[in-house]
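Colleague: For the protein sequence lines, the chains are A and B, in the order given. The opening residue of the first sequence carries number 1 in the working numbering; numbering runs sequentially from there. The opening residue of the second sequence carries number 1 in the working numbering; numbering runs sequentially from there.
Misleading hints may appear alongside valid ones.
If we take Cβ atoms under 10 Å as the criterion, some of the chain B residues that face chain A in the derived model are [said to hold, decoys possible]:
#1 His31
#2 Asp35
#3 Gln36
#4 Val41
#5 Pro46
#6 Glu47
#7 Thr48
#8 Glu60
#9 Glu62
#10 Val64
#11 Ala66
#12 Pro89
#13 Glu90
#14 Phe97
If you're looking for bench data, these hints aren't it; they were derived computationally from the structure. Since this is a predicted model, take the numbers as computed values, not measurements. We put the beta carbon where it would ideally sit given N, CA and C, even for glycine.
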Amino acid sequence: MAADTAAENLRTALYDTHVALGARMVPFGGWDMPVQYEGVIAEVAAVRNAAGLFDVSHMGRLHIGGPNAASLLDILLTGSASGLRVGRARYCFICNERGGVIDDTIFYRLSDDEFLLIPNAGNRPAVSLWFDRQLAQHFDGRGVHITDRTMLTGLLAVQGPSAVNILDHLCEDFTPGARLARNPGRDPAPSLLRPFTWGRGHIDGRRVFIGRTGYTGGDGFELAVGSADVVAIWNRLTEAGAAPCGLGARDVLRLEAGLPLHGHELTETITPIEAGYGRFVRRDGGYNGADVLDHQRVYGTERRLVGLTLPGRSSPRAGYDVLANGEVVGAVASGSYSPTLERCIATAFVDAAYAVSDTVLTVDIRGRRADATTTELPFYQRPS
Amino acid sequence: MNPEDRKYSREHEWALVEDAAAGTVLVGITHYAQDQLGDVVYVELPETGAPVGHMAKMGEIESVKAVSDLYSPVSGEITEVNGRLAQEPELVNTDPFGDGWMLRVRMSDPAELDALLDAGGYNEYLGGL
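Taking the hints into account, I'd like the entire structure generated from these sequences.
Modeller: This is the structure:
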């Protein structure tokens, strides 16, 4: 049951803090990371009802700067970089020429010619290599410098409806990355950031980059800080009421919110259109894989990602067969019991003919047949 | 932490002799097992009257993130299944050695108990994991 934590795995600056908090550490994407502290159900509830704190320092921090940075990213990303204003952030995909997904990412425009891009932990080497090759191919290696600052910084996610109060309380000298749309006639604060914008400030005199971003389907912030400051800032956030949460809760939260996990809903042989994430793919082309994705958008795909809901608590898991009339018509991508919805939820790739809402399909759960009803994603939407 | 009144398997199940004359035992999983699993959301067990085999699969247990097979530490016939687990699977987390028990079994070969670890042996086994 327990996976060994290998000595060669990387550790974040918070490793000792996690162990002291009683976290179960597991290998993930080349790092030893906390999968849970108190328990997944309690941690999911903290994020949905109050505030949870995640160490996401295992994810990459790639700084991409120079006069050709925006032009290079326009080729590499399905979301426009040159069209993204300074102070804003965007979620999108890094596709290969076949439209398959090398990684999904959030990137921030720091200035006219500098971007911060966050790849997944396990994909950081592949993304770096891909970027270097593409830079050589398209710009002769010139006009862009790519700096991997993953090991010099830490990344924390404060997520949940109370996150905004915690950040406003702790953050000093806040400066937004772009002019604020609302000017309340008082000092700027993180609460004035709109979703997918960022700013800078200090917590306990330590410099913090603050994005109003996250991956839980709720409100929240992601904080990039210097490695030497990570533990102190983590402690301030937990003292202010953010509950430590592990990768187990993070995976349940993103699945409830219908967000993809690379390796499950997206891979190098699955396109964003097949997975139903076309809203993160721009329509004016010019990026790797655009021909394939444009064609799929118009003519459809043979398989489609659907949501499945099941009564009861025995969950479909990745790889399980999905059947219609006794024939295999697809496979589960991710599945879990959802503590928020109190039933089981899953994503599955199925033949397009069955990718219609409210279709009753069957999932083979280790030899047991369970009825599963197709539904549109997300499963969970935050109360407005 | 592991009660001295029962025997343990290396698969982290326990067997507690209730009535030596009748050869009945209660079967469950250990604190270590539930801690490794995390929040238990579902326990799939056989029905009363079904046979179980020595270290044969007796059911499945699911936490939010994982599913594991359960193995019976003894062979025999199931005389009762803990019906509370259907509605309160979290009892396996909160009271694994008590209210979180899973099966009552009438043993067909009580000598199988001798092959199991006592509490001291199980503690030692856990120390080596």
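Colleague: Please list, smallest to largest, the hint numbers that this structure does not respect.
Modeller: 1, 5, 6, 7 and 14
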